[in-house]
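Novice: Let the sequences and hints guide you as you build the complete structure.
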Amino acid sequence: MKKLLLFLIISAVSVSNFAYATTLPLYFKSYQSNKVLNNSILDGQDKSLLSENDDLVFTFKHTEPFVLSGPIVLDLFVEFNVRDVGIEVYIYKLDSNGDEIPLEICSPDVRVRQNEKVNRVFIKTCPLEQTFDANENLLVKIRQTALGKIFNLTRLHHSPKYPSKILINLDNL
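The opening position of the sequence shown corresponds to residue 129 in this note's numbering, with each subsequent residue numbered one higher.
In case anyone wonders, no lab produced these hints; they're calculated from the structure.
Be careful, since some hints might not be right.
Dumping the calculated DSS-like pairs for lysine-lysine here, alpha-carbon to alpha-carbon at most 25 angstroms [as the list claims (entries may be wrong)]:
| no. | residue 1 | residue 2 |
| --- | --- | --- |
| 1 | Lys245 | Lys289 |
| 2 | Lys252 | Lys269 |
| 3 | Lys293 | Lys245 |
| 4 | Lys289 | Lys221 |
| 5 | Lys189 | Lys293 |
| 6 | Lys245 | Lys269 |
| 7 | Lys252 | Lys221 |
| 8 | Lys269 | Lys289 |
| 9 | Lys221 | Lys245 |
| 10 | Lys293 | Lys221 |
| 11 | Lys221 | Lys189 |
| 12 | Lys293 | Lys252 |
| 13 | Lys189 | Lys269 |
| 14 | Lys252 | Lys289 |
| 15 | Lys189 | Lys245 |
Specialist: Written out as structure tokens, the structure reads:
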């Protein structure tokens, strides 16, 4: 099997306060704009945790069968208005019927050095080895953890100055 190391560059189409992402080669239409994800947590009521509109979603569609063979590493440039924040990463297999099969949920605690400044954050997930058929896709969702009554804002940056990306290890079959 040929080892393939694939960098997925974050690309997104902005609609109000959220971004959808797909695989390369699409890029932000405007590098000056920042993308905000999941900022609707207020008064202990999570208004958007289950809403896909507030998740940052990455899909990887491959024309041939492949095996997810190693860690998925997220290299993100983020800005928070609080010091401690949780980011949840959900890994799914999207089957040919469009059903999401959960592979892993990763909830690392992220502590930033400076709030209200851009910080580089690395998140490593280690899903078990999974085989994907040609008509199945890899889906990665990123969302902010609900922090109860604390209102906080997470802004994901992607520009030539702040090149956020995802690293995926896979083998072609």
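Novice: Give me the numbers of the hints this structure contradicts, sorted from smallest to largest.
Specialist: 4, 9, 15
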